[in-house]
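Q: For the record, in the sequence shown the residue sitting at position 64 is 60 according to this note's numbering, with numbers rising by one throughout.
A hint or two may mislead.
Said to hold, decoys possible - Straight line, CA to CA, 25 Å or less: simulated BS3-like cross-link-like pairs of lysine-lysine:
#1 Lys233 x Lys186
#2 Lys169 x Lys194
#3 Lys169 x Lys186
#4 Lys162 x Lys89
#5 Lys242 x Lys66
#6 Lys233 x Lys351
#7 Lys162 x Lys271
Calculated directly from the structure, the hints in this document are not laboratory data.
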Amino acid sequence: MKKALIFLLALWLCGVMALILIFTDYEPVKPDMVAVNDELMSGDAPLSELLQREYERMEAQRAARDINIKIFLILYTGAVALSGLILLIYCEKSILKPFRRLQGFARRIAAGDFDIPLEMDKSNLFGAFTESFDLMREELKKARENERAADRSKKELVASLSHDIKTPVASIKATVELMQVSASDQSEKKRLMQIEAKAEQINALITDMFHATLHELEVLGVNTAEVHSTVIYGLIKNADYKNKAKSFSIPNCIILTDTLRLQQTLDNIIGNSYKYADTEIEIHSYFEEDFLVLDLSDFGAGADEDDLPFLVNKFYRGKDTETKSGYGLGLYISKSLLEQMSGDLQCENYENGFKVKIFLKLAGKDGINE
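Construct all of the structure, not just a fragment, from the sequences and the given hints.
A: Next comes the structure, spelled out in structure tokens:
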């Protein structure tokens, strides 16, 4: 394209120089008086005829010269017009079009769309310029992704810590309740009531913070690992701060789980049992296909049959929970976490109450300890 521009510029310069030479060397057409005089002296023709013939010759010479100049001007004007058109097309393709593309690219970047690269032609004048803008897009995209990852990490940390704090707070409340029963001094009872009220206030604040953060996260991150099944004893003991669970046994095996998320799952299920049934909890474990199954059963009234299919839905609360505080997220969170660990959660009524079945994926097993 640079060669084409040089050619067009040379064409214009040559045309201008040719016009200058033409009009510089231009001389008016003059009669040939020597020839007229010679013919007049020979007596071949009268003077009037000789003058008429010389005039016609001058007119023919002038007409021929004018035609040549017109032809040159027409050709030169056409060449200039064609070169101007070529230059216009070149400007449109190589200058204006890239800038319009850059304008659309800037709009997409402003709207937060960093996925579509900027089309570029490194051979044109602005190739390196547009390449720099696309490099900027890639860096902005990386920065946005890093920002989202950092934000999600912070929210997961807040959700995890707030949930983990709920268990010791619940233990404090349970201990204070026992101390209130045995306390005889009124001032001591009053102080215990204050402790219980503050613990309840902390629990409410932590619950709000946890669920608000979880709502933004949608799903907490899960990091599964191969864990021996004996870890389940400690997780259930931590969740069962009211000591409602009867003695139970767990088969010896290796499961795929995230102990932190499994603790949250057991906290939610046992916490729901405290809230809605407040009875003893029976725990049975067995193998079913590629899963270790935990049955956590209470002896309450159970759930309405119409509610059963929806208990694990987000924000869903059964008809019999209107008098109980909650968000309808406990079973939804538990099922979501278990599914990320290649497991599952199911709810059902049975003849003596309500049962939650936890499916934990097996990595291997080395016998059963009943």
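Q: It remains to establish, for every hint, whether it holds in the given structure.
A: Going through the hints against the structure:
no., hint, verdict
1, Lys233 x Lys186, "30 Å, violated"
2, Lys169 x Lys194, "9 Å, holds"
3, Lys169 x Lys186, "14 Å, holds"
4, Lys162 x Lys89, "66 Å, violated"
5, Lys242 x Lys66, "114 Å, violated"
6, Lys233 x Lys351, "18 Å, holds"
7, Lys162 x Lys271, "15 Å, holds"
Of the numbered hints stated above, those contradicted by the structure are hints 1, 4 and 5, listed in ascending order.
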